[in-house]
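Those protein sequence lines, which keep their order, are chains W and U.
Residue 1 is where the first sequence starts when you use full-length UniProt numbering, and the numbers rise one by one after that.
Residue 1 is where the second sequence starts when you use full-length UniProt numbering, and the numbers rise one by one after that.
The set of hints was computed from the structure by calculation and includes no laboratory data.
One should not assume that every hint holds.
Reference excerpt, derived from the structure (chain W facing chain U, CB under 10 Å, subset only) [claimed, not checked]:
1. R54
2. A68
3. K100
4. G105
5. P107
6. V159
7. P162
8. G174
Where a beta carbon is used, it is the ideal one built from N, C-alpha and C, also for glycine.
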Amino acid sequence: MEALSVPAALELVAGGGAGLSPERRAALGTSLPLLQRDYRFERVWFWGCIQGVRGAYYIAEGLGPDRAAPRSRLYSLNCVDWSLLTPATKEMLALAEQVKGRFQGDPSFEYHLAEINAEAAASVIESGKEPVMKEEARLIATIEQIDRAVGIVPRGAFVKTPLGSVHENRHFEGLSLVEAKKLSSYFHFTDPVNLKNKTLLEKANLDPSTDFLDSLEHDIPRGSWSIQLEKGGTVVVLRSLLWLGLTFYHVPMTKQFGYVYFGTGEKNLDLPFML
Amino acid sequence: MDRPPELDPSQEPEGADLQDAYERGHGPYQPHEPGYGLDQPGYNPYEDEIPDPQARMLAVKNAKAYLLKTSTKSGLNLYDHFANILTKILDEQPTNTVDIIENISKDVKWAQFRKKMDTLRDEPLIPPTFEAAEKCKALFVKQGGEEEHEGVEEEMGRPALPNVMEVAFYFEQAGIGLNKDESYYIFLALKNLIDVQPIQTCRFWGKILGLEMNYIIAEVQLREGEEEEETGEEGEGTTAEEEKETGEDGEEDEEKEAGPPKSTYKPPPPIPKEPNGTGTNKYVYFVCNEPGKPWVKLPPVTPTQIVCARKIKKFFTGWLDAPIVSFPPFPGNEANYLRAQIARISAGTHVSPTGFYQFADEEEEEEEGADTYEENPDFEPPPVAEMVESLATWAHHVKGILKQGRCVWINPVQKSEENEEDDEEEEEEEGEEQQEERGPPLLTLISEDEGMKDIPAWTTQASTNLIPEYSVAILQSNRWPGAYAFASGGKFENIYFGWGHKYSPESYTPELPPPAEAEFPGGPEITETVDPTVEEEMAFKIAQEEALAEAEEEEEEEEEGEDD
Chain W
1 MEALSVPAAL ELVAGGGAGL SPERRAALGT SLPLLQRDYR FERVWFWGCI
51 QGVRGAYYIA EGLGPDRAAP RSRLYSLNCV DWSLLTPATK EMLALAEQVK
101 GRFQGDPSFE YHLAEINAEA AASVIESGKE PVMKEEARLI ATIEQIDRAV
151 GIVPRGAFVK TPLGSVHENR HFEGLSLVEA KKLSSYFHFT DPVNLKNKTL
201 LEKANLDPST DFLDSLEHDI PRGSWSIQLE KGGTVVVLRS LLWLGLTFYH
251 VPMTKQFGYV YFGTGEKNLD LPFML
Chain U
1 MDRPPELDPS QEPEGADLQD AYERGHGPYQ PHEPGYGLDQ PGYNPYEDEI
51 PDPQARMLAV KNAKAYLLKT STKSGLNLYD HFANILTKIL DEQPTNTVDI
101 IENISKDVKW AQFRKKMDTL RDEPLIPPTF EAAEKCKALF VKQGGEEEHE
151 GVEEEMGRPA LPNVMEVAFY FEQAGIGLNK DESYYIFLAL KNLIDVQPIQ
201 TCRFWGKILG LEMNYIIAEV QLREGEEEEE TGEEGEGTTA EEEKETGEDG
251 EEDEEKEAGP PKSTYKPPPP IPKEPNGTGT NKYVYFVCNE PGKPWVKLPP
301 VTPTQIVCAR KIKKFFTGWL DAPIVSFPPF PGNEANYLRA QIARISAGTH
351 VSPTGFYQFA DEEEEEEEGA DTYEENPDFE PPPVAEMVES LATWAHHVKG
401 ILKQGRCVWI NPVQKSEENE EDDEEEEEEE GEEQQEERGP PLLTLISEDE
451 GMKDIPAWTT QASTNLIPEY SVAILQSNRW PGAYAFASGG KFENIYFGWG
501 HKYSPESYTP ELPPPAEAEF PGGPEITETV DPTVEEEMAF KIAQEEALAE
551 AEEEEEEEEE GEDD
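Bound-form chain U, shown alone (with noise of 0.2 Å):
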């Protein structure tokens, strides 16, 4: 025992260890113990031996019991201790045991303390980043119906896929671009896409960063005959609404004067949206939060969401069905306004070098509608240092967005008289006829962009001075902070990385609350005056009895006058 019996807490039974009793040294000695001397025949305090069995076993029942006290503090008894020792020691037999008796000791003390099976145990946690590794090794196998892809591939002369690596390595060139796997992972995406929808050709559009997830946006034509004409009814449905809405107004505004006056006004017919496959809807978008998720189609964009997306500047929060809340109220979801804030950019940014694309037909060269436009093959690419010297070099192949939120200017106030043939009279509004809005034909060149205050529209460079007849040329929208072009020989593309607003000068200010609605126009009938007074409505009483009585003289008088 390595505590000294001193300082042994535990109350010693009297039979216990006599040789522990003596060291102690307490007094009176009782008959028994060997201080006493007396009934103990030749006995020794330094002999171990009690010559009585009898108290011999007592003596090994004390001690016994003494080394299986539990210990207040751990829990553990000496005894178990001893023999797990023991056990360990036999068991594994290691050298110069008595050397390293006492880390023996504390590692078997140790081992008490490991839960050796708890029924609980811990769910492994799974970290996110497995299952995202699940998706995206989805993306690597490869779909069956290998023999369909190929019948596709022979009826139609280009590739559906565009070659979304050959377009990543040119804009690494200027230092724009995602790493090299996630542009791999969502080239594999877009072919997921096309395998899934009826695609007839499909670009990788860019990124637009989120809050909380960030979205990929893929810009595709839909095969023709393939679009959803779910759309068209619902135009439909508005319009016949709100001819009944008018009809019952008018009817009510005549019999019903009891109940509370219906307010007249009649809200601007909303501008219709461009039909699908021409203007800001010339294209069909796909996002996707992460190459390996599913894509998501955006609706087409109506006129009043580009007008209120013009007006509000939100950060996305990278889930489609969250609401935008902002003054003026947006009409829609973020999937809208995503798709307001694409179809903007794209118009105000996508570039092609000047007479790459040409129009279809000279004719139409003239018309304010040219909207298509065809390939050049007799294009001849300038040199890499022309395209950036001048900005004439480039030319936009998306019309403009006008001030209505349309490519293609409509008179609003012309459509809707065709469908309300009851109203005519009250719809010619004379001093309301709106201009027509022009703008800037189809393709024109960046260098006839405005520049906001000192700074240009665009900042063109070259993507290495070093090495100059394999450098690309690259240009960058200051209006679109993350709009970016390359062109090198005939190849050309625009990309956007960015969180999908334009660059102001000035601070952002929303729109201020419109000013209170006029009142009901006054008039003499609901002016307020005061009553007369009791005096007052004597007079003018005296007053018109005198006025009575002149004028019964006068036909008195004049009476007479016609006898004679």
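Chain W with its partners taken away, still in its complex shape (with noise of 0.2 Å):
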């Protein structure tokens, strides 16, 4: 959620039950722009919060002039000290795959890649490193997972210019009531992987300035996302049942929108049992 609209946006999200404390509220709302200006943002978002067993982290993520960009991801203990965090690299999502359970809360914390699984500790130990894993790289893994999976944004709020820079809409104006209904109408804000897949019939009806991402139509397994109205129709309010705790909110046909993850950074894998 866009930092200026972060006290609005939790009363939208709050239908969850997870939110923040005013202490980190306004913590933030300090933090946040100070953020902007040291590190030369063009926006700020909050991502959320990961609850450790013993701490948690907040996570604030910036964006430059193209907003389809790699973006930069910043977490702290305590929403006041930030640091920065490193892009997320393959070893390091392969490697955070194998790791299950609880964050432990302490970024220094090392988690011993031998008891979790044999195999991976080897190949780590081939390639000339020490077989643990650092908690903070399982932090920037776990982060790029989410948003690769389900950070979503609404059709026509973003769109790709000519020259293939990613700019806000400003003419969106939000969606209706009876799109907002229809998981069609929302995006993954990532790279697209099934847009080529599509038949050429399909294409003709895109828009390639708004459709150039994928819709969460076709998200396997089906039935992953839990759409609700709530306050009467007034909010939509999208949650992941994939990770739990990530929600999202639109009010329809206002500019508002916005995603935040309240959990505790861990995969859903039980999906299709519970559907």
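Hey, can you piece these two chains together into the complex? The hints should help.
In structure tokens form, the structure reads like this:
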């Protein structure tokens, strides 16, 4: 969610029971603008909070002029002091899939891969590093996975210019109530995967300036999103069932939308059994 | 006319404007046309007037007919268009008309296409927003009968309605809870519930999220004597049926051998549910999807439902009558599953500061069945720092659920003996005595809760480190993510916001189907053997005859021996 709209957005997302305490909210109000100044971001998003066993990580993302470029991520333990996270690498992502269980809450905690998965440990040892994974790396990988899998925006909110860069659409006035209830009106805000697999007939109907991302319709497994109209239809809330805790809100016919993650940072692998 | 006459596609009747015909420059000239110039003395190509009145009338008529022609593209005609423009101009009398004449013409054309009054009009869409707002508004209307309310409050020492906003405030210090509007709606909805139902104590238990709708849950204790007695009758009905079935089985086995063999399998007797007011059914739960919608009472929970709920993991859809499709098949629909999960969550995560509750009598403390507790009047709340530091300052005040699915263990074999006296001999199966299960006693400290792998069962934190004198101690459960408790001064409360599932470090594995049933035990009577061949039969017959002959000889010898 946009840093400026955090107070209003938290009210809309509170249906799931998770939120921020007044202290953290106030701290965010002061530290996010400072982040924007120091790192020269054009936009700062409050991404959410990952609950560890002993502490919580608060995550913020900074965007540059091209909104679709890889975002810089920062984390904090108290919403006041922020540290920049390095971008995620493929090895980090692969190793993070092996590590299961809750986050500990301490960024320097080390997961011993030998206990978890002997093969992964062996492969890491071969590459000349120690078979441990730091919690910070796991954090980076988890945030990247969540963003890729379930970070969503409404259709039409972003436009792609002919030069390839992506901007907010100033003429976006919000989805109508009918559109807001459909999964096809929401896109994953990452590099599209399914777009090129569409038939020519489907592609002919797309508008290249707004339909350049994957929609949620073809997410596997089907039914991994819960759409609800809260407050009698004034807010549309989408909750992901794959990453429990990710909540997306949008007020139809207005420009307000955003997503936030309040959860434990674990993928819900039991989803097919639970539906 | 704007269009040059050369491009005019319509056919010009012969008597049309002579000027146009001349400008078009076609030949050969007709006698009446000016180019001919013979029978029109003094005719000038630039002269507008047509001297012959008949021809002029015809020319005017033709001109008008031309103007009235409908355009093939838009269905308008120039005559009407001009009439409208002039009407509009004369009505509105704008300044500098000649400069804006093209715009006026365009506007008039636009106006043509706007439907004036369609006989079919769209019904104004009533978005569901307004309906929901209506329902919420109903919450704010104060119910009649204010005098009754005052009377009720005087009778009872404590008000039944909890202070939801105060609890919400404390939880908000930890970042937990719904937004204030929703909390207030829930507050009002609880007030309505208390007005409608005979309730002694009431508490906002929490919110469980579902796929299509969510559940708001209130934990309630009904006033004594008001509970329904239907459930008692149901229980008796089922046991009577069981008796009849076993009696019939015994008789049929003996009499009918022609029919297919009846199964002698008797399913284990169902474990009876705990009576209302004790154990897992201590509280009654009411749910609604949204504040403003009517409250629905959840049925009491049975041990089989709890046992099955432990084995499955399903999302709630939000509809209480939705079926639960699972293996092992859940005995009930979503309302029962919801009730079972609520019972499990309450038993696992409802805590209070140690010492807040004490046992009524000291003797009961030693009994296993201690179910009642009361508030300790001498309770002194420990400081918040201590509540955060040590888990020994918190204790469970709800009995844990045993493996059987009840809080108090019951021996199912014993109960069935009382009912079925005929089959005592069959029931005494020595090898299947079930061991009495013992759970932790009632007010155990939560420091004794086991963690999972290396994750402790509970996480404590203070709501703020910057202002320790006003911070609140917050407890989060790791076994049931979404269960929270706070304590500050003498106040404490439990709440649940989540999806209603237990946390397990390993992935969920569904129960495997039971092994295939064993076949009828084999024996020599039914084992197939190869039929004897003819030679074998003959040999057998000869052997038998020889044996007979030998036996006769022996008898004869014995008889002869005896005669002697």
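Quick rundown of the hints versus the structure:
Because the closest C-beta pair between R54 of chain W and chain U is about 7 Å apart, less than 10 Å, the hint holds. Nearest Cβ of chain U to the Cβ of A68 of chain W: about 31 Å, over the 10 Å cut. The hint is violated. At a threshold of 10 Å, the smallest CB-CB gap from K100 of chain W to chain U is about 7 Å, leaving the interface hint in force. Interface restraint check for G105 of chain W: the shortest CB-CB distance to chain U comes to about 9 Å, inside 10 Å, so the restraint holds.
A distance limit of 10 Å between C-beta atoms decides the matter here; for P107 of chain W the minimum to chain U is near 17 Å, and the interface restraint is violated. The interface hint given for V159 of chain W is violated, since its Cβ lies 28 Å from the closest Cβ of chain U, which is over the 10 Å cut-off. Hint status for P162 of chain W: violated, given a least beta-carbon distance of 33 Å to chain U, over 10 Å. Taking 10 Å as the C-beta cut-off, the interface hint given for G174 of chain W is violated, the closest approach to chain U being about 14 Å.
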